[in-house]
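Trainee: Protein sequences, first through last, are from chains A and B.
Under my numbering, think of the first position of the first sequence as 366, with each following residue one higher.
Under my numbering, think of the first position of the second sequence as 366, with each following residue one higher.
Hints in this document: simulated from the structure, not taken from any laboratory.
Treat the hints with care, since some could be wrong.
Identical chains blur together in the list; that is why a pair holds if it fits in one copy or across any two.
Below, in silico cross-link-like pairs of lysine-lysine (DSSO-like), each with a Cα-Cα straight-line distance of 30 Å or less [to be verified]:
(1) Lys451 - Lys621
(2) Lys574 - Lys448
(3) Lys448 - Lys621
(4) Lys686 - Lys448
(5) Lys704 - Lys431
(6) Lys704 - Lys503
(7) Lys559 - Lys704
(8) Lys579 - Lys444
(9) Lys559 - Lys448
(10) Lys448 - Lys380
(11) Lys444 - Lys431
(12) Lys574 - Lys559
(13) Lys444 - Lys380
(14) Lys579 - Lys621
(15) Lys451 - Lys559
2 protein chains.
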Amino acid sequence: MTSQPPETALQLRSKVSQDGTLELSLADVEVPQPGADEVLVRVEAAPINPSDLGLLLGMADIQTAKVSGSKERPVVTAKIPPKLLKGMAARFDQSLPVGNEGAGVVVAAGESDAAQALLGKTVAIIGGASYSQYRCIKTPMCLPLPDGTTPREGASCFVNPLTALGMVETMRNEGHTALVHTAAASNLGQMLVKICLKDGIPLVNIVRKPDQQKLLESIGATHVCDSSSESFLDDLTRALVDTGATIAFDATGGGKLAGQILTAMEIAANRNSTEYNRYGSTVHKQVYIYGSLDRSPTQFTRNFGTAWSIGGWLLTPFLQKIGHEGGQRLRQRVASEIKTTFASHYSDEVSLPEALSLEAINVYAAQSTGRKFLINPNS
Amino acid sequence: MTSQPPETALQLRSKVSQDGTLELSLADVEVPQPGADEVLVRVEAAPINPSDLGLLLGMADIQTAKVSGSKERPVVTAKIPPKLLKGMAARFDQSLPVGNEGAGVVVAAGESDAAQALLGKTVAIIGGASYSQYRCIKTPMCLPLPDGTTPREGASCFVNPLTALGMVETMRNEGHTALVHTAAASNLGQMLVKICLKDGIPLVNIVRKPDQQKLLESIGATHVCDSSSESFLDDLTRALVDTGATIAFDATGGGKLAGQILTAMEIAANRNSTEYNRYGSTVHKQVYIYGSLDRSPTQFTRNFGTAWSIGGWLLTPFLQKIGHEGGQRLRQRVASEIKTTFASHYSDEVSLPEALSLEAINVYAAQSTGRKFLINPNS
Chain A
366 MTSQPPETAL
376 QLRSKVSQDG
386 TLELSLADVE
396 VPQPGADEVL
406 VRVEAAPINP
416 SDLGLLLGMA
426 DIQTAKVSGS
436 KERPVVTAKI
446 PPKLLKGMAA
456 RFDQSLPVGN
466 EGAGVVVAAG
476 ESDAAQALLG
486 KTVAIIGGAS
496 YSQYRCIKTP
506 MCLPLPDGTT
516 PREGASCFVN
526 PLTALGMVET
536 MRNEGHTALV
546 HTAAASNLGQ
556 MLVKICLKDG
566 IPLVNIVRKP
576 DQQKLLESIG
586 ATHVCDSSSE
596 SFLDDLTRAL
606 VDTGATIAFD
616 ATGGGKLAGQ
626 ILTAMEIAAN
636 RNSTEYNRYG
646 STVHKQVYIY
656 GSLDRSPTQF
666 TRNFGTAWSI
676 GGWLLTPFLQ
686 KIGHEGGQRL
696 RQRVASEIKT
706 TFASHYSDEV
716 SLPEALSLEA
726 INVYAAQSTG
736 RKFLINPNS
Chain B
366 MTSQPPETAL
376 QLRSKVSQDG
386 TLELSLADVE
396 VPQPGADEVL
406 VRVEAAPINP
416 SDLGLLLGMA
426 DIQTAKVSGS
436 KERPVVTAKI
446 PPKLLKGMAA
456 RFDQSLPVGN
466 EGAGVVVAAG
476 ESDAAQALLG
486 KTVAIIGGAS
496 YSQYRCIKTP
506 MCLPLPDGTT
516 PREGASCFVN
526 PLTALGMVET
536 MRNEGHTALV
546 HTAAASNLGQ
556 MLVKICLKDG
566 IPLVNIVRKP
576 DQQKLLESIG
586 ATHVCDSSSE
596 SFLDDLTRAL
606 VDTGATIAFD
616 ATGGGKLAGQ
626 ILTAMEIAAN
636 RNSTEYNRYG
646 STVHKQVYIY
656 GSLDRSPTQF
666 TRNFGTAWSI
676 GGWLLTPFLQ
686 KIGHEGGQRL
696 RQRVASEIKT
706 TFASHYSDEV
716 SLPEALSLEA
726 INVYAAQSTG
736 RKFLINPNS
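Between the sequences and the hints, there should be enough to build the whole structure, so can you do that?
Mentor: Written as C-alpha cells, this is what we have:
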C-alpha cells in the first residue's frame with residue numbers, strides 16, 4: 366500500500382546562537398522505526414501558525430535575513446536584537462525542529478493495536494517537528510481524519526480549532542454568556558464565527574479594515590466592529606450592550622485595544638444601572654491576550670472600575686485544565702466538522718526549501734490576515 | 366453616662382453637578398432614633414483613606430479649588446475635567462455623605478439585645494457617612510473595641526487592616542506562598558509587614574525613597590526594594606528568587622511598575638529552569654492593582670510569557686467571597702491586635718470645618734506617604 370520510507374529525510378531546523386544569530390536550515394535526519402505505540406507519518410501538509418513563529422524565527426529582525434547554501438539546502442541567517450536575546454539563553458546553540466501540527470499518511474506502525482489501527486490512515490498530528498518529511502509520533506498525538514479528507518484539509522486540526530473551541534469553553538467555564546474576539550477575520554476568527562453561529566453564542570468581532578468586516582458578514586457574523594472607524598468605541602459599546610459580552614480574546618496584545626474593550630464593557634455594564642457605584646460596575650470584565658500581532662507595549666487607562674482582569678491565555682494549559690476527556694470531546698468535534706466549521710484556507714503552499722526563501726519569510730513573518738502558508742514537506 | 370444627643374448635627378457632604386462642579390459642604394442633618402437593631406454612634410475619629418477620595422473629591426482638579434462660606438460652614442468648589450465627568454452621571458446633583466469608617470461611642474441603642482449590649486461602648490464602624498457627628502448604624506457594622514481603646518486608636522479598624530489581611534488571604538487562596546507589595550511604607554504597608562512577620566510569610570516591599578526603606582527595615586522588613594534605585598530590577602529579581610513570591614498587590618496602578626514586577630517574576634521563575642519553554646515559564650504570575658497613586662496609564666511590555674494576569678482588587682468583593690464567617694474571623698483579629706499589628710499613625714487631626722480648608726485638602730489629596738488625616742467630627 367505505502368512505499369517503504371527512506372533511511373534519512375529532511376527536517377527544518379532553527380538555531381539561535383549565543384552571539385545573536387538565528388540560523389534556519391534543512392537537516393538530513395534518520396527516519397526512525399516506530400516503537401510499540403508509535404506510528405511513522407509521511408507529513409504532507411503543515412501550517413505556519415502565529416504560534417510557530419516564536420520558535421521558528423527566534424525574535425530575529427527579518428530585515429537582516431540573508432540566504433546562503435544551495436537551492437535545495439538553503440540556509441537563512443538573521444540577527445536577533447540584543448535585548449530580545451537574553452530571554453532565549455535556554456535554547457542557545459541547539460538545532461531545534463519546528464512545526465506544532467500537520468497531517469499526513471501513516472506509513473509504518475508499531476505493534477500495539479492502537480498503532481496498527483492507524484496504518485495507511487490519513488491523520489492529523491500535534492506535538493512539534495511537523496516541518497519534517499517523516500515524523501515518528503505516539504498514537505495519542507494522532508487524530509484519524511474522516512475518510513475522504515486530504516492532509517491539506519486536515520493540516521490545521523489542532524491549534525486553531527482547539528483555540529477557538531477553548532475560547533468558547535473558557536467563556537462558559539468562567540460564567541460569561543457572550544464573547545469578543547479581535548483580529549476576527551483570521552482563519553481562527555472565521556472558525557469562531559461558525560462555532561458561535563452553530564452554538565447560538567453572541568459574538569462581537571473586532572476587525573481592522575472595512576473589507577474584513579464584509580468578509581465576516583458574508584459568513585454570517587452579526588456584530589462586526591471596525592477599529593479603524595471613527596465610531597469604533599460607540600459601535601463596540603452598542604455591540605456589548607446588545608450581546609452582554611464580558612470576556613474578550615485579543616490576538617493583538619499591544620497598544621490600547623485591550624483597555625478600550627474593558628472601557629466599553631464598563632460603559633455597557635453601567636448603561637442600565639441607575640445607582641452610582643464609586644468603585645465602578647461590579648460586573649467582572651475579562652480580556653485574555655492570546656497573541657502578539659502588535660508587539661508594542663500594552664497600554665490602558667484604568668477607567669473601568671475594579672472588577673477587571675487582563676491576562677495571558679494559551680492553549681496547552683487550557684487543555685491541561687479540561688483534562689483528557691474534555692480534550693477528546695473537542696478533538697472529535699473538530700474531526701467531524703473539519704470540512705465545514707473548521708475548514709482552513711491557505712494562500713500559499715510551499716516545499717521545505719521554499720519555506721526558507723526570503724520572499725516567503727517576509728510574508729509569513731508579517732502575519733497579515735489573508736496570507737497563510739502551508740508547508741508540504743514531501744512536495 | 367452619655368449626654369442626650371442633639372436633634373441635628375453636622376455631616377460632610379460631596380456633590381457633583383452636571384456642569385462639572387464639585388461642592389463640599391457641611392449639612393445640618395437630623396439625628397435619627399435608632400431602630401431595633403441599630404445604634405447611634407457619636408463619631409470621634411474617622412480617617413481619610415485613599416479609598417474615600419474618589420467619593421469625596423469626585424475626580425476634581427484640586428488646583429481649581431476655592432473656599433467660600435463661613436469659617437464654621439465652609440463651602441469648597443472645584444472643577445472636574447470634562448473627560449472624567451462622564452463616568453459620574455449616576456451621582457449628578459446628589460448631596461452624598463462621605464467616610465467609609467470611623468470610631469466613636471454608642472450614645473443610644475435600639476431594643477434588640479445586640480444593640481443594647483453596645484450602649485456606652487466604644488466601637489469601630491464601617492458603612493459610609495462616618496464624616497458625621499452622629500451616625501445611626503446597624504449593629505453588624507460595629508466592631509466593639511477592647512476596653513481601654515480610644516476612638517482614635519480604633520478609627521481605622523476596617524479598610525487598611527482588612528485590606529492587608531485580605532491580601533494575605535488572597536495569596537493563600539490562590540496558591541501562592543509569598544507576596545509583593547508596592548507603596549509599602551504606607552500605614553497599610555506597615556501593617557502588612559507586621560502581619561507577615563507574625564505569620565511567617567515572605568514579603569517583598571517596594572518603596573519609592575531611601576528613607577522609606579529605612580523605615581520598613583526598622584520595623585523588621587527583610588526584603589525592601591527602592592524603585593528609585595538604579596539597581597531596582599536586579600534587587601527585585603533577587604528578592605523574588607529568595608522569597609518565591611508570584612503575587613503582587615500594587616497601590617500605584619499607573620506607569621510601568623506592574624509590568625516590571627511581572628518581568629522580574631518571570632526572570633526569577635526561569636532562573637532555576639534549564640529547559641527552554643518558548644511560551645515562557647509555566648508559573649502563574651499575578652499582579653492585583655488595588656490603588657491608583659499614579660493616575661497615568663498602565664503600560665507593560667509582554668516579556669513574561671503567557672502565564673500572567675493583571676487585575677483589579679477591592680476589599681468589598683473579597684469580603685463577599687470569604688463570607689460572614691471569614692469576615693468575622695478577620696475582624697476579631699483586628700480588634701485583638703489594634704494597638705500592635707494594626708496600629709495606625711496620623712500626621713494631622715482636624716475638625717469637620719478644618720477638613721474643608723484648602724491647606725488640608727491639598728495635603729490629603731496628594732496621598733503622600735507619612736501624611737494621614739484623621740477627622741474628629743466632635744472636636
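Trainee: All the hints need checking, so say for each whether the structure fits it.
Mentor: Evaluation of the provided hints:
In this assembly of identical chains, the alpha carbons of Lys451 and Lys621 lie at most 30 Å apart whether taken from the same copy (27 Å) or from different copies (20 Å). Taking the shortest alpha-carbon separations for Lys574 and Lys448, only the inter-copy value of 28 Å comes in at or below 30 Å, while the best intra-copy value is 33 Å. Taking the closest pair of Cα atoms, Lys448 and Lys621 come within 30 Å of each other both inside a single copy (23 Å) and across two copies (17 Å). For a Cα distance limit of 30 Å, the shortest separation of Lys686 from Lys448 qualifies neither inside one copy, at 33 Å, nor across copies, at 42 Å.
Proximity of Lys704 and Lys431 under a CA criterion of 30 Å is satisfied in neither setting, with 38 Å inside one chain copy and 70 Å between copies. With identical chains, the CA atoms of Lys704 and Lys503 are at most 30 Å apart within one copy only, with a shortest distance of 25 Å there and 64 Å across copies. Proximity of Lys559 and Lys704 under a CA criterion of 30 Å is satisfied intra-copy only: 12 Å inside one chain copy versus 62 Å between copies. Taking the shortest Cα distances, Lys579 and Lys444 never come within 30 Å of each other, neither inside one copy (39 Å) nor across copies (45 Å).
For a Cα distance limit of 30 Å, the shortest separation of Lys559 from Lys448 qualifies neither inside one copy, at 41 Å, nor across copies, at 39 Å. Taking identical chains as interchangeable, the C-alpha atoms of Lys448 and Lys380 lie at most 30 Å apart only when both belong to the same chain, with a minimum of 18 Å there against 51 Å between chains. Taking the shortest alpha-carbon separations for Lys444 and Lys431, only the intra-copy value of 10 Å comes in at or below 30 Å, while the best inter-copy value is 60 Å. Taking the shortest Cα distances, Lys574 and Lys559 sit within 30 Å of each other inside one copy (20 Å), while across copies they are farther apart (55 Å).
For the homomeric pair Lys444 and Lys380, the shortest alpha-carbon distance inside one copy (12 Å) is at most 30 Å, but the shortest distance between copies (60 Å) is not. Taking identical chains as interchangeable, the C-alpha atoms of Lys579 and Lys621 lie at most 30 Å apart only when both belong to the same chain, with a minimum of 24 Å there against 38 Å between chains. With identical chains, the CA atoms of Lys451 and Lys559 are never at most 30 Å apart, being 41 Å at best within one copy and 37 Å at best between copies.
Violated hints for the displayed structure, listed by number in ascending order: 4, 5, 8, 9, 15.
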